[in-house]
Amino acid sequence: MIVEIEGVRKVYQSPDGEIGALQDISFSIEEGEFISIVGPSGCGKSTLLSIIAGLEKPSAGVIRVDGEKSRGVNPKIGYMPQKDELFPWRTIWQNVTLGLEVHRQMDQEHQAFVRRLLARYGLAQFMDCVPSQLSGGMRQRCALIRTLATGPRILLLDEPFSALDYQTRLSVAGDIHRIIRQEGKTAILVTHDISEAVSMSDRVAVLSARPGKLKCIQDLSELHALSPMRRREHAHFHRYFNDIWKELELCG
Amino acid sequence: MAESLSAERAAYLKSRARRKTWVLLMQIVLLASVILLWELAARRRWIDPFITSSPSRIFRTLTNLHASGDLFRHLGVSCVETVAGFALGTLAGTAIAVLLWWFPTLSRVLQPYLVVLNSLPKTALGPIFIVWIGAGPAAIIAMTLAISLIVTILEVYNGFLAVDPGKINLMKTLGAGRGQTLFKLVMPANAATFLSAVKVNVGLSWVGVIMGEFLVSRAGLGYLIVYGSQVFKMDLVMATVVLLLIAATAMYQGVAMLEKAIKKHVGGIA
Numbered sequence: 001m002i003v004e005i006e007g008v009r010k011v012y013q014s015p016d017g018e019i020g021a022l023q024d025i026s027f028s029i030e031e032g033e034f035i036s037i038v039g040p041s042g043c044g045k046s047t048l049l050s051i052i053a054g055l056e057k058p059s060a061g062v063i064r065v066d067g068e069k070s071r072g073v074n075p076k077i078g079y080m081p082q083k084d085e086l087f088p089w090r091t092i093w094q095n096v097t098l099g100l101e102v103h104r105q106m107d108q109e110h111q112a113f114v115r116r117l118l119a120r121y122g123l124a125q126f127m128d129c130v131p132s133q134l135s136g137g138m139r140q141r142c143a144l145i146r147t148l149a150t151g152p153r154i155l156l157l158d159e160p161f162s163a164l165d166y167q168t169r170l171s172v173a174g175d176i177h178r179i180i181r182q183e184g185k186t187a188i189l190v191t192h193d194i195s196e197a198v199s200m201s202d203r204v205a206v207l208s209a210r211p212g213k214l215k216c217i218q219d220l221s222e223l224h225a226l227s228p229m230r231r232r233e234h235a236h237f238h239r240y241f242n243d244i245w246k247e248l249e250l251c252g
Numbered sequence: 001m002a003e004s005l006s007a008e009r010a011a012y013l014k015s016r017a018r019r020k021t022w023v024l025l026m027q028i029v030l031l032a033s034v035i036l037l038w039e040l041a042a043r044r045r046w047i048d049p050f051i052t053s054s055p056s057r058i059f060r061t062l063t064n065l066h067a068s069g070d071l072f073r074h075l076g077v078s079c080v081e082t083v084a085g086f087a088l089g090t091l092a093g094t095a096i097a098v099l100l101w102w103f104p105t106l107s108r109v110l111q112p113y114l115v116v117l118n119s120l121p122k123t124a125l126g127p128i129f130i131v132w133i134g135a136g137p138a139a140i141i142a143m144t145l146a147i148s149l150i151v152t153i154l155e156v157y158n159g160f161l162a163v164d165p166g167k168i169n170l171m172k173t174l175g176a177g178r179g180q181t182l183f184k185l186v187m188p189a190n191a192a193t194f195l196s197a198v199k200v201n202v203g204l205s206w207v208g209v210i211m212g213e214f215l216v217s218r219a220g221l222g223y224l225i226v227y228g229s230q231v232f233k234m235d236l237v238m239a240t241v242v243l244l245l246i247a248a249t250a251m252y253q254g255v256a257m258l259e260k261a262i263k264k265h266v267g268g269i270a
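Read top to bottom, the protein sequences are chains A and B.
To convert, note that position 86 of the first sequence is 86 in our numbering; the numbers rise steadily by one, no gaps.
To convert, note that position 127 of the second sequence is 127 in our numbering; the numbers rise steadily by one, no gaps.
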C-alpha cells in the first residue's frame, strides 16, 4: 500500500458556522495503481486531494504514504493542478525545471532527466518558447513534466483536463495516461466526468454529496491494459459508466 | 506579410495613416496658435505682459538663465531630488509591502493606519519635516517620500494579494517556502505593478519636490518659482513652469520607455 487514507474527516469553520466537507473516508491505493475519485460538485473530492497533497490538514484521520504518517507537503507526491499554471514570464524549460530550482537540484543529472522527458513527449523543440506560444494540450503536458521532474512516485491530478475543449481533452487524457503508465507512477485523479474516470483508471471511488462519504469503489481492472481511447470502445464501458452513474444518482 | 494587400486593406491602412497625420497636424496647430495668440496679445497690449509674460520674454529669460549657468543648476537640483524621491519611495514602499505580505497579521493590524495616512494630505507634514530634518534637500526628499510611500505600499501589496492562488498552491506543492514563493512567483508576477508604481511615483515626486522647494530651498525649480513671484518677475515664473513641464514630461516618458523595453525583453509579463 503506497497511500492509506484512514478515517479522514474535514470540517470547515467560518464565522457563519461549520461546513462538513468530508466524513470518515478510508481506502488505500496500491503502488502503480490509477484511481479516480468522482462525485457531485461540492462533495469535497478536491478537498480530499488537497489533504493528500498536504496543502490542507484533515480535521480528523491520517494519511499514510509508504506507511509513514504524512505531515504537510511530501516530495514523494506530485500535484497537477486544474489549470496548467505555467508562469508566463518563464520559458518552457524554466517552467518545467521550477520544481528542481525550488529543491535546489539543478544539477546535470536532474537536468538530463527533464530533457529526456521533454524529448520523449515531443516538447524538446519548444524548450525556449514561452507558454503562450503552445497549445492547451502541449501546456498540459508541460505541467505534467514539471510535476514529474522532481521524481514523485504518486501523482495527484485535480481535474487536469477541465480547462480544455472536448477534442483536446480526449487526446491529452490519452497522452497523460500513457506517460503515467510509462513512468510507472501511482495516480489519483479527481474528476466530475464519469467517462473520463472509466477511461483512465483501475478503480473509481464514488463520493456522496456534501459532506462527502465514500459510497463505493468500482473495480475496472478488466480494462487495465487498454488505452483510454480503446476503453471507450470496449463492450463493458457503458455498463461501468451506468453503474457509477446510478451510484451518483442515489446520492441525490 | 509579404503577400500583396487587398484593396480594402490598403484603403484601411491609408485612411488610418491619414487620420494619424491629421491629428498630429491639429496638435501642432493648436500649440502654435496658443503661442502666437499669447505673443500677439502681449505685444498689442491686450494683456499686460508684466503680469502674463509672453513667449518671447519667456524665451529671453531662459536664454539668460542658461548664459548665467543657473538653468542647469536649478534643473539639476530638482531632478536629483525627484529621482531620489521616487527611487526611495518605490524601494521603501515595496520593502514594506513585502513585510505586510510576509506577515498577514501585521497587515491586518496596520490596515486602518494605512487608510488614515493615505487620506492625509501629505504636504501638511512639510513644516514638521523642516523642523525635524532641517531646511535643505533632505527635508525635500522626505516630503516626496511621504507623498509616494503610502500609495506605493498599497498598490504593491494589492498586487501581491492578486497573485493567482492556484500558482501559490503550485509553489507549495513543489515544496517552496515563503521566500521562494516571493522571489520566483510573487515578485515576477508583479513586474507590471512595480513599473506602474514607478510611473505614478515620478508624478508624485515632482509634486513633493516643488512643494518642498516652495518651503525651504535656495535652489531648484520650485525655488525659482517662489523667488520669481516674490520679486514679481512673472517672466521667471512662467519660464520655470515651462522648464518644469519639459523636465517632468521627459522623466515620465523615460520611465514609459523603460517599461516598454522591459516588457519586450521579458515577453509575457502579467
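Please keep in mind that the hints were generated in silico from the structure rather than gathered at the bench.
The reader is advised that the hints may include incorrect statements.
Lysine-lysine pairs mimicking DSSO-like chemistry, simulated, CA-CA at most 27 angstroms apart [said to hold, decoys possible]:
#1 A:K76 to B:K184
#2 A:K57 to B:K184
#3 B:K263 to B:K199
#4 A:K83 to B:K172
#5 A:K213 to A:K69
#6 B:K260 to B:K199
#7 A:K83 to B:K167
#8 A:K246 to A:K215
#9 B:K167 to B:K260
#10 A:K76 to A:K57
#11 A:K83 to B:K184
#12 A:K76 to B:K260
#13 B:K233 to B:K260
#14 A:K76 to B:K172
#15 B:K233 to B:K184
#16 B:K172 to B:K233
#17 A:K57 to A:K246
#18 A:K57 to B:K172
#19 B:K199 to A:K83
#20 B:K264 to B:K199
#21 B:K20 to A:K69
#22 B:K260 to B:K184
#23 B:K184 to B:K199
#24 A:K215 to A:K69
#25 B:K264 to B:K20
#26 A:K83 to B:K264
#27 A:K57 to B:K167
Because the structure is a prediction, the values reported are computed rather than measured.
Quick rundown of the hints versus the structure:
Taking the CA atoms of K76 (chain A) and K184 (chain B), the gap is about 22 angstroms. The hint holds against a cut of 27 angstroms. Note on K57 (chain A) and K184 (chain B): the hinted pairing holds, with a Cα-Cα distance of about 25 angstroms set against a maximum of 27 angstroms. For the given pair, K263 (chain B) sits about 14 angstroms from K199 (chain B) by alpha-carbon distance, which is consistent with the 27 angstroms threshold. For the hint pairing K83 (chain A) with K172 (chain B), the CA-to-CA distance comes to about 15 angstroms; that is within 27 angstroms, so the pair holds.
In summary, the hint linking K213 (chain A) to K69 (chain A) is supported, as the alpha carbons are separated by about 22 angstroms, within the 27 angstroms threshold. For a cut-off of 27 angstroms, the pair hint linking K260 (chain B) to K199 (chain B) stands: about 12 angstroms separates their Cα positions. Restraint check for K83 (chain A) and K167 (chain B): satisfied, since their Cα atoms lie roughly 9 angstroms apart, inside the 27 angstroms limit. As the CA atoms of K246 (chain A) and K215 (chain A) are separated by approximately 11 angstroms, the hinted pair is consistent with the 27 angstroms bound.
The suggested pairing of K167 (chain B) with K260 (chain B) holds, with an alpha-carbon distance near 26 angstroms, which does not exceed 27 angstroms. Annotation: proposed proximity of K76 (chain A) to K57 (chain A) holds, straight-line Cα distance about 17 angstroms (limit 27 angstroms). A C-alpha spacing of about 19 angstroms is found between K83 (chain A) and K184 (chain B), which places the hinted pair at or below 27 angstroms, so the restraint holds. Distance restraint check for K76 (chain A) and K260 (chain B): the Cα-Cα separation of roughly 42 angstroms exceeds the 27 angstroms cut-off, and the hinted pair is therefore not satisfied.
A threshold of 27 angstroms between alpha carbons decides the hint, and for K233 (chain B) with K260 (chain B) the separation of about 41 angstroms lies outside it, so the pair is violated. Our distance criterion of 27 angstroms between C-alpha atoms is met by K76 (chain A) and K172 (chain B), whose separation comes to about 14 angstroms. Proposed proximity of K233 (chain B) and K184 (chain B) is contradicted: the alpha carbons are some 56 angstroms apart, above 27 angstroms. With a C-alpha separation of about 65 angstroms, the suggested pairing of K172 (chain B) with K233 (chain B) is violated against the 27 angstroms cut-off.
Restraint check for K57 (chain A) and K246 (chain A): the C-alpha separation of about 32 angstroms exceeds 27 angstroms, so the hint is violated. Between the alpha carbons of K57 (chain A) and K172 (chain B) the distance comes to roughly 14 angstroms, so the proposed pair stays at or under 27 angstroms and holds. Annotation: proposed proximity of K199 (chain B) to K83 (chain A) is violated, straight-line Cα distance about 33 angstroms (limit 27 angstroms). Annotation: proposed proximity of K264 (chain B) to K199 (chain B) holds, straight-line Cα distance about 17 angstroms (limit 27 angstroms).
At most 27 angstroms may separate the alpha-carbon atoms for a hinted pair to count; K20 (chain B) and K69 (chain A) exceed this at roughly 69 angstroms. With a C-alpha separation of about 22 angstroms, the suggested pair K260 (chain B) and K184 (chain B) falls inside the 27 angstroms cut-off, and the hint holds. In summary, the hint linking K184 (chain B) to K199 (chain B) is supported, as the alpha carbons are separated by about 24 angstroms, within the 27 angstroms threshold. Among the hinted pairs, K215 (chain A) with K69 (chain A) is consistent with the structure: their alpha-carbon atoms are about 25 angstroms apart, no more than 27 angstroms.
Between the alpha carbons of K264 (chain B) and K20 (chain B) the distance comes to roughly 24 angstroms, so the proposed pair stays at or under 27 angstroms and holds. For the proposed pair K83 (chain A) and K264 (chain B), the alpha carbon gap of about 26 angstroms is at most 27 angstroms, so the pair holds. This hinted pair checks out: K57 (chain A) and K167 (chain B) have alpha carbons roughly 19 angstroms apart, not beyond 27 angstroms.
The earlier numbered hints that this structure contradicts are 12, 13, 15, 16, 17, 19, 21.
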